[in-house]
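Using the hints, put the two chains back together into the complex; each one sits in its own frame.
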Amino acid sequence: MERQIHIEPVTRIEGHGKITVFLDAKGDVRDAQFHVTELRGFEQFCVGRTLWEMPGLTARICGICPVSHILASAKACDAILAVQIPPAATLLRRLMNAGQLVQSHALSYFYLSAPDFLLGWDSDPATRNVIGLVAADPVLARKGIRLRAFGQEIIDRLGGKRIHPGWAVPGGVNQALPETDRAWMLERLPEALATTQEALALFKSTFGDVEDRDVLTDFPSMYMGLVRPDGAWEHYAGVLRIVDSKGKVVEPGYDPARYYEIIQEASEPWTYLKFPHYVPKGYPKGMYRVGPLGRVNACDHFATPLAQAELEEFRERSGGRSGRVFDYHYARLIEILASVEEIGELLADDRITSTEIRAQAGINVREGVGVHEAPRGTLIHHYWVDGNGVIEKLNLIVSTGHNNLAMNRAVREIAKTYIKKGKVSEGMLNRIEGGIRAYDPCLSCSVHAVGKMPLAVEIVDAQGDVVTTLARDDR
Amino acid sequence: MDLVVGVGNELRSDDGVGARIVRALPAQPGVETDVVHQLTFDLTDAVGRARRVLFVDAHAEETHLRLSRVSPHGAVQGIGHALAPEALLAWTSAACGRAPDAWVLSVPAQSFDIGEELSPDVVRGLPAAEQAVLDWLRDPEPSDE
Chain A
25 MERQIHIEPV TRIEGHGKIT VFLDAKGDVR DAQFHVTELR GFEQFCVGRT LWEMPGLTAR
85 ICGICPVSHI LASAKACDAI LAVQIPPAAT LLRRLMNAGQ LVQSHALSYF YLSAPDFLLG
145 WDSDPATRNV IGLVAADPVL ARKGIRLRAF GQEIIDRLGG KRIHPGWAVP GGVNQALPET
205 DRAWMLERLP EALATTQEAL ALFKSTFGDV EDRDVLTDFP SMYMGLVRPD GAWEHYAGVL
265 RIVDSKGKVV EPGYDPARYY EIIQEASEPW TYLKFPHYVP KGYPKGMYRV GPLGRVNACD
325 HFATPLAQAE LEEFRERSGG RSGRVFDYHY ARLIEILASV EEIGELLADD RITSTEIRAQ
385 AGINVREGVG VHEAPRGTLI HHYWVDGNGV IEKLNLIVST GHNNLAMNRA VREIAKTYIK
445 KGKVSEGMLN RIEGGIRAYD PCLSCSVHAV GKMPLAVEIV DAQGDVVTTL ARDDR
Chain B
0 MDLVVGVGNE LRSDDGVGAR IVRALPAQPG VETDVVHQLT FDLTDAVGRA RRVLFVDAHA
60 EETHLRLSRV SPHGAVQGIG HALAPEALLA WTSAACGRAP DAWVLSVPAQ SFDIGEELSP
120 DVVRGLPAAE QAVLDWLRDP EPSDE
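As given, the protein sequences belong to chains A and B, one line each in that order. Read in order, the letters of the first sequence are residues 25 to 499 in our numbering. Read in order, the letters of the second sequence are residues 0 to 144 in our numbering.
Facing chain A, according to a computed beta carbon distance under 7 Å, are these residues of chain B, among others:
#, residue
1, 43
2, 93
3, 94
These are computed hints drawn from the structure, not numbers from a lab. From the three backbone atoms N, C-alpha and C, an ideal C-beta is built for every residue, glycine too.
The following block holds chain B by itself, in its conformation from the complex (with noise of 0.2 Å):
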């Protein structure tokens, strides 16, 4: 099973983009998503299951739509409110004895302020977005961009 989530919050104008995207995915066998305002530790158990995940996020620091491969790393501690996508697949390491193969596609955002509404640049950008997914999804080896 192939899994998809979108992180971020859709009251929070571009910061919801990643659940957009997901949301509006069609239903496909293999696949599972899910929409989430953070990464936490509840996500281990779907994450645990999955052959690989891909996570769909906004980020302020990216130009360009970016996916990069990503591994568990560090920070096992607390269970605070949001984690890293590394420390979540280390999470689930340690819970599952396995951490699938896992992306990140990091969609540019511009605004993360109070707000239902994306940024025309954002909005411009979504259907590429949205055929990166339908990539991971079609290609069992995607490489870093």
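Isolated chain A, as found in the complex (with noise of 0.2 Å):
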């Protein structure tokens, strides 16, 4: 008789999810699916508002990442008003995004992530959280959150705060940095490169041999990210590159404004998640992973000294790209150390407190793609106006989305090492949580809806017939 086993919900992560196992008639694992069981439709709703609205209105997808959004959307409309931005505003803009992936990353590992694999898989719940990570470890714990602070310090002093910040504007940006910020951000550059060192030596020490990075399955699949023109990591600009598990360049440098030609979406009745593909590979083969280990993967190089160093260690402890994804967390350190870098860097720049910081113009191409990388992925925004610059449609494809071929891939080869023949192994639960956590999806962003994000998992049988429901709420 098959089974079905479904958790739900899922803690510790954005949004709202439930997954469901289905067993064969052994009671093995046949299949897994991630259902993301909330809808919002920002794509219907912006349609008829301005482009001047869009960076304020599409940055409410989400609170965890509205500066994804602003960028995105500003990038967006820039190319529909077909002006360069001045310089201070790239350099503005660049450091809000370095900003925003210091603190969406240290949530992400100090918060969310790290009790996992810091505490023990399966240790108590009920400590096995920040609380318990703070009880453990007080001082590193508090050096996290130091460490997210700076990067939301940043986004509120350009922005004026540091949700929702109103501040990227088609052709610019709307305020300057002052003399009185830079100092601020300089003083506390070398605390936050301190901690991310520290934090990365900890992890290292800890899951150096790639045995011990195994735990949340290792599987094959393409990387995507965008890259500078020599192959650097990139962030904010460049061209989208596709990698093989191997390495091997699959797409070198593709446009980010014709991304519809190498990247569409598929839809299933059971979630309200898109499945981004590769277009030449066909759904759903054409599965590529984006975010930290996407992007860690697709580059050549860092471009600053200290990340580089990371890299090449990474891939020497790795053999060469890896699949596995626990090293979303390895590579997620790693990024936060080139983001510090490359703060330090912006910063040294004099053009950065220019006041002449947006161009001005009016409505000159009636469609315009905006893409750069959020801390979970690639984003992409793309508007059709009218001559007015009224929206007439829009898409978007956005970070988590593109994870999720993958991220119900990790679900059912978790589910598959801890399922035999009907009986669930202790500590599946949390390797399942663990898999999709590693992923730090954001579903409110990916289905541009709002809710919390518990985990349920239901076992349901050959019949349809729910048999066992796995659920806990520790959030």
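Shown next as structure tokens:
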């Protein structure tokens, strides 16, 4: 008799989801599905609004990633204005995105995920959270809090507030960087760098062996991220690169404005989250991964020295590109390091305090695409407008969506390890949650929905009856 | 350092009164201010560095301005989107090894609807609320009211 296992709700991620594990007649895993169960419909209700409103409107998709949406939206609007934004505006937008990478990655690593692997996968769920981490290592926990606060403060000082700053606008930004704020950022930079290096050292000393990092499964896929023309890791501009599981270049540098020629979305009736895939390989074979691991695997090198040294060590420890889900955490720390280094470089550029920060123009093109790297992966905003700049149509492909096929694959692989002949091994729920959490999915963004993200697992038999439900709501 | 935190959403009418009061405070040496929608775990570091903390927040159930002493208490669980002051102090104690002396200034509020305007009664009460914050800053051991 076939059975299904449902996991609901999934905890410590952003949004609301559920997992169903389907068992065959022998009780082994036949399939698994990660359902995203909320919908909000930004692509519908933004139609009819003006271009000038779009950064502010789409920022409301999420309270965690508003900066990402503001920047992608502003870039799409720049394209419609057909302007080149001033150098200072580019530097400032890069600075805000680097701050966003720091704060979001620190939240994911220190607050949401580190308790799993630093306290132990099978430790008591009641204390396997950031509170337990505070109790076990208050110094590290406090440093993590301050690291995140550093990224948040950069956003606050640039945009006037930490969440939903209406700062990036079509043509540039609306507020320059005062010298006092530049000085504050420079003063805090060494501490952020030291904390990141300490976290990396601890991670490597704890999980240096490949076997330690196999805990959340390992499978091949393609990887996608923006890179600079020379193949360097990039987060704001550049071209789309896709590599295969061995690092062989599949798409060397695709124009982001023509993303739709290589990326399309499929739909399934059991989830609101679509399935972007690489067009030449079709659906579902065209699975690729984005986000920290996607970017670190897709690039040739980092442009900053400390991150480059870590990349070399990462590839040496991994035997090349890594397909380990757990290595999202490793890559995330390397990206914090790269972001902190870049913040230092940006602040050292005197053009960054220029007050020439916005290009003025009207509607010059009827269609525009804005692409950049959000913490969770490549973010695409694509707008069509009429001659007055009123939105006629839009398409948003959000970071978490790119990873949808891979998250489902991870859940299936982990479930296969822990469910044999109908018996569910202790620790399955923790590992499946950890497997999803490693991607740091933002389901609020992915379906442009809001809500909590507890997890539930349901086991369903061949007749479609739910025979087991595992649930936890410890968020 | 004394820390004054304005709590509330300025797009939700009177809910934003705490934020407005704190934004209006004149800069003073030895005093830091912050404005947040809700109290979250992120504040533990700033609270942990403070000698004293005052949370200024709108309260629908209050009819008069009220200053209350608060202490670390219970509920050190989860990292949801909002903590009570007592829970934030408990978090701070766990993360920083100490929690500062802390008070809540409860400002009577009537409307939490969408909007940027304060209710007329809340507007009339603003000077007294702002003075209460200044009094707290001057008094090292304010008593509950």
